[in-house]
Amino acid sequence: MKKDLRIGLLFALPWILGFIIFLAYPVLASLYYSFTNFSILREPSYVGADNYAELASDTVFHKALINTLIYAVGAVPLSTVVAIGLAMLLNTKVKGMSYYRTIFFLPSLVPMVALGTLFLWIFNGDYGLLNEGIRAANLEPPNWLGDPAWSKSTLMLISMWGCGQAMVIYLAGLQNVPVSLYEAADLDGAKLGKKIWNVTLPMLSPVILFNVVMGIIGALQVFAVPYVMFPGGAPARSTYFIASYLFDNAFQYQRMGYASAVGWVMFIITLVLTLLALKMSDRHVHYETE
Amino acid sequence: MGKRKQIQTALTHVALILLSVVFALPLLWMLSTSLKPISETLTTPPKWIPTEVMWSNYPDAINYNSKQLGYIPFLVYMRNTVVVTILCIVGSVTSNALVAYSFSRLRWAGRDAFFGLTVATMMIPFPVLMVPTFTLFRYLGWVGSFKPLWVPAFFASAFSIFLLRQFFRTIPMELSEAAKLDGCSEFRIFTDVIVPLAKPALMVVALFTFMGSWNDFLGPLIYLVDQNTFTLALGLSAYQTQHGGTPWNLLMAATLLVILPILIVFFFAQKLFIQGIATSGFK
Numbered sequence: 001m002k003k004d005l006r007i008g009l010l011f012a013l014p015w016i017l018g019f020i021i022f023l024a025y026p027v028l029a030s031l032y033y034s035f036t037n038f039s040i041l042r043e044p045s046y047v048g049a050d051n052y053a054e055l056a057s058d059t060v061f062h063k064a065l066i067n068t069l070i071y072a073v074g075a076v077p078l079s080t081v082v083a084i085g086l087a088m089l090l091n092t093k094v095k096g097m098s099y100y101r102t103i104f105f106l107p108s109l110v111p112m113v114a115l116g117t118l119f120l121w122i123f124n125g126d127y128g129l130l131n132e133g134i135r136a137a138n139l140e141p142p143n144w145l146g147d148p149a150w151s152k153s154t155l156m157l158i159s160m161w162g163c164g165q166a167m168v169i170y171l172a173g174l175q176n177v178p179v180s181l182y183e184a185a186d187l188d189g190a191k192l193g194k195k196i197w198n199v200t201l202p203m204l205s206p207v208i209l210f211n212v213v214m215g216i217i218g219a220l221q222v223f224a225v226p227y228v229m230f231p232g233g234a235p236a237r238s239t240y241f242i243a244s245y246l247f248d249n250a251f252q253y254q255r256m257g258y259a260s261a262v263g264w265v266m267f268i269i270t271l272v273l274t275l276l277a278l279k280m281s282d283r284h285v286h287y288e289t290e
Numbered sequence: 001m002g003k004r005k006q007i008q009t010a011l012t013h014v015a016l017i018l019l020s021v022v023f024a025l026p027l028l029w030m031l032s033t034s035l036k037p038i039s040e041t042l043t044t045p046p047k048w049i050p051t052e053v054m055w056s057n058y059p060d061a062i063n064y065n066s067k068q069l070g071y072i073p074f075l076v077y078m079r080n081t082v083v084v085t086i087l088c089i090v091g092s093v094t095s096n097a098l099v100a101y102s103f104s105r106l107r108w109a110g111r112d113a114f115f116g117l118t119v120a121t122m123m124i125p126f127p128v129l130m131v132p133t134f135t136l137f138r139y140l141g142w143v144g145s146f147k148p149l150w151v152p153a154f155f156a157s158a159f160s161i162f163l164l165r166q167f168f169r170t171i172p173m174e175l176s177e178a179a180k181l182d183g184c185s186e187f188r189i190f191t192d193v194i195v196p197l198a199k200p201a202l203m204v205v206a207l208f209t210f211m212g213s214w215n216d217f218l219g220p221l222i223y224l225v226d227q228n229t230f231t232l233a234l235g236l237s238a239y240q241t242q243h244g245g246t247p248w249n250l251l252m253a254a255t256l257l258v259i260l261p262i263l264i265v266f267f268f269a270q271k272l273f274i275q276g277i278a279t280s281g282f283k
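Protein sequence lines, in the order shown, are assigned to chains A and B.
Residue 290, in this note's numbering, is where the first sequence stops; the numbers in between run on with no holes.
Residue 283, in this note's numbering, is where the second sequence stops; the numbers in between run on with no holes.
To be clear, the hints were calculated from the coordinates, so they are not data collected in a lab.
Small disclaimer: the values here were computed from a predicted structure and weren't measured.
In this text, a Cβ means the ideal position worked out from N, Cα and C, and glycines have one as well.
Keep in mind that a hint or two might mislead.
Said to hold, decoys possible - To be clear about the criterion: a stretch of chain A counts as covered by chain B if any three or more of its residues have a C-beta under 8 Å from a C-beta of chain B, and this derived list gives those stretches:
# : segment
1 : 12-18
2 : 22-31
3 : 121-130
4 : 185-194
5 : 223-229
6 : 232-240
Isolated chain B, as found in the complex (with noise of 0.2 Å):
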């Protein structure tokens, strides 16, 4: 039996090293292109150590001179995609913790229906409600702004409640109803008792709506118009040039600053995550 079992242990740690040399591979390569002088990103063999460490590349691709589209003004790319994010954030955990509140724990007619309904539109693909949406944009003058990037994150989305709402119904209703006893109001009840103990499910949305801003590409693609309104998903494309020449080593330090803040927040906010979506359940 024992025997067995460190057989089945060595077969395990072998598997994770293999897949995780899979998983870290390109990574890695994205890290060593970024600090390789150019004439070494295309060598065959491929070279794994540049001969010359370039870190100047970083501040090359920062300031970088495309030559089809100009300056590239990558710390106005960042800027805006950090507005766009940070709004996205608070209007997505606001709303979405309001509304599972609303589906969790208060009682009123039509409740469950309604959130059939609710979990039923994660069904609707998003190029669907594109052309509509962008008329209505572009009706209220929005189109050009980030407006039609963040105001929709204060309306909720499906998935978040349906999220929330499944970590709200763990907590015990007792607590609830002794606040009320002591004269809370329900706004109070949600501020003072439910808000504090759900923290770890309302930073997975917070996650979910970084990662999802962050990385947004069609919704800048339609929306966004003039070069220095563009977010980092959507101004990386102007480092890759139609016909070849494409500066790699300086594409892949901008890609790397792009994909930065979230590696930092995920090493910092990990523990918490997974736990979140643990105790969140999805069933």
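Just chain A, same shape as in the assembly (with noise of 0.2 Å):
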């Protein structure tokens, strides 16, 4: 038994290393620092809950927190039911399907910086891509990336390109629904709606819950786009997110002990927000038995 142990924790080493050195030790050294003032030049020292307090009157702070929320409630319901679609398209039997599959998941491998370029360029309002094809409609085009009351919108839509890896995973969990369960909806003459709300969706709820839960843990961290499309979060700071406010305040005004604390909310949000999203499922989650 004890042979068991030490070969297990040998072969484990890696993780268990990484675990000590990359996710507890940083935790744990994250939340000291939020009780701190501290820099690259300067050591921590302790404050107490300065940073908490100042954080609850922090204009800015309360800003990227909505924007982060409501970047959030948009974006990961729609590029779940977006991903959820494209699957269950994937799944029919009809030809070309290894064509679609690819175009669908192609935009997943770009870059999400060069992504962000593309779509700074596409979504322009003078001469972008998009609004030549809404003014050939005749219709009056918004400004996506110059007005704060779109700049959210235009970043939910780009996130929608991104959602090949959860559409996979998708993909995979609907080609593990049994095919007899089908066939007994034929019998009882179950119309496409009816199959698809009473075989495909509860049998697929639990990659449902997973992907959500990715989402949203993805969601409330968004960065790389935006930094890139809409640098100092223009307009209006209408895309200034939690994890902009964090980056700036470690890296650009060397307010570490202050960011970390940024961090900390950041995390029990997160907590708070996937607990709630597996308490909730709790009840339509369906898993199988075996």
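From the two separate chains plus the hints, produce the assembled complex.
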């Protein structure tokens, strides 16, 4: 038994070290830092809950927090619906499937930064491809990048292009749904909508939960695309997110203690929302008992 | 019945075609712009086919002189990115395979509790770890080098462990037991029995690592200082100028060059990749 433990730990050693060095230590250290005043040039000095008190009345932080929540509320459901829809289409038996699969997955392969520069160009209010299309349809196009009322929607739409990874996971989940269930539904004369609602979605629910939770976690730390597309969170800080504020405090303003406090607030919000999603899913997620 | 089926198939086709247009359009626009002369990049209505196909945009993008930043060493960025990405793939595949083997095929006290903890760590947002990790690497004198970008890959990651463990569990235990009766050590069983059978899943981990590392923006942004050490994802921003005058045709050509390797790898690995995910089973 002792020998089993030794071999087991030996194989797991990279992760035991990784867990301690790159997760446990940073999490605890950032908790400690969040109670200090600290920069590259200055050793951490304990300041009690000052940073958190400051966060409570920091209007830029509030703005970033609200922006992040709005973004998550928009982007997660949107990309979930799109990813499931695409996966369902890809799960049908029509010709040319491998081409469609590649096309839908391609945008997820593109670096977020490259995606950002490309969309900066396509969404441009004056000469962007998208607005040319809208004008051609004789409609008044919005100023996607320059209008604070639209900038977040632009980012949500863009996140849709990156749903390929979730799509592939849904597709794998769909392929694991037993055909017999559909046959039984056919015998009952169920229509397509009923089959999706009563067979497909319940069977897919564990996968949906997994993707939604990962989606929430990802959306709350959105950084690269807004950083590239909207320097400084322009227009009017409408695209300034928690991760942007954390980055600026840590590496622009040299306030690493404050940045750590921002990080911990972000961590707690992530935990609460994830647990909420898990709790709410209790009644709706169907696990197969084997 | 037959008629209804036909209508359904036709509607599926229409939906697939419309959606693939939406998904492919931005990339086609990128391709089209990358081959235009600069004067045609901002025309109304937009021009899809350039009057003159400018292949020279590609060499020009590689040898681009930015007004603000001077010469942009694209090929150096490319080499840097390749070095970092290869190290990350090697580290990630070996470490995650070892750890997943321990979590799925070895029995030891506390194993399942530790695995539960491991899965839970996926909830920790990366930005929370950013400041202490930076401080740590700074203490080690690694800031400005590639080490902060690839060394962590050798210490496994929760997501890949999870993915590989699911796959390893589907391999019958009898194979390991038979090898053990033949006198194989656990390490021999790992290298000679499990790894060859787990190739699709290992490919998936390699591909995810490849994509993550090739596209990583935040890591290089934090740790790389000197322009000559930049990676492609970070270097691309050099083509953008703050106050108009961005050479869109060159930027799009450079961007296409950045994503080309990923497209090629995905094209060849596609079947294996989707198979790997399907058999790993996310549950």
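Taking the hints in turn, this is what the structure says about them:
1. 12-18: Check passed, 6 qualifying residues.
2. 22-31: It holds, with 7 qualifying residues against the three required.
3. 121-130: Check passed, 4 qualifying residues.
4. 185-194: The restraint on the segment 185-194 of chain A is violated, since only 1 of its residues have a Cβ under 8 Å from chain B and three are required.
5. 223-229: holds (count 4)
6. 232-240: violated (count 0)
Checked against the numbered hints above, the structure breaks hints 4, 6 and satisfies the rest.
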